[in-house]
Amino acid sequence: MNNQALERTDIREKVENYWDTRSDSYSQQNLAELHCFKRDAWRSIILENAPQKDKLRILDVGTGPGFFAINLALAGHEVTAVDLASAMLQKASENANHYGVKINFRQGNVHELPFPDEEFDLVLSRNVVWNLEEPERALKEWLRVIRKGGRILYFDANWYLHLFDDNLRTQYFQAQEEADRRFARGVMPKTEMRIKMEDIARNLPLSREYRPQWDQQALERCNVKIIKIAENIGDLVWNEEEKVRHRVTPMFMVCAEK
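My numbering runs 731 ahead of the 1-based position in the sequence shown.
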């Protein structure tokens, strides 16, 4: 194994360990989203941009605690969900049981999916691509498992670009301070987990990229039809605190068709 491969493996293990550690808190956050306006908001956005079929075969990559998977299963679709972190999958399975939905959960690497070619109508993800060590390879793999006319639909943000952009860094901390002042009790301290993720993010390739410009270029190299790139959907899916806290890292949407 060469040095680059070793580095990628090391990053992947650190990311997996981070999300395993965060499984409890992230699961609580996702469950809260299923009990507020976000459930219907996300479902509407996804189905508006998905292939138009009564029952879709959906793959949720990087499912985490299962918010997308459960949401779409509740809407009557056939859902498979994959994640690298075993603790996240355990939470997702528990959450799915709580909601009484059947989802095929699989542990696996989103760069090397354990599925045959052209298996799904839609590959879906949220806040996944940014923490991949080989993001373009992952996009090609997602395209492999969708049928002709199928789509990949994902949502992400420039979560750690402020680590590399001085102007953005200033705006980022101003937004955090305003959000802490308006919605929390005083200034929130930098937690150990937050520091840990920043250290990981410094070594992730997309932390330095301006997106979704990078995504458009990567998909063009994949020779697929770009259906839509929306640079900011935050007003549709975020609460008031999130709109302030993430105003310099807007949530974007990318939709492409095979």
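Some hints could be false.
[What the hints assert, rightly or not] No more than 30 angstroms apart at the CA atoms, straight line, and that leaves these computed lysine-lysine pairs for DSSO-like:
id, residue 1, residue 2
1, LYS784, LYS959
2, LYS784, LYS745
3, LYS959, LYS879
4, LYS786, LYS927
Because the hints were derived from the structure by calculation, they are not lab data.
These are the hints, each one checked on the structure:
1. LYS784 - LYS959: holds (19 angstroms)
2. LYS784 - LYS745: Violated, at roughly 38 angstroms.
3. LYS959 - LYS879: holds (17 angstroms)
4. LYS786 - LYS927: Distance of about 40 angstroms is beyond 30 angstroms: violated.
Checked against the numbered hints listed earlier, the structure breaks hints 2, 4; every other hint is satisfied.
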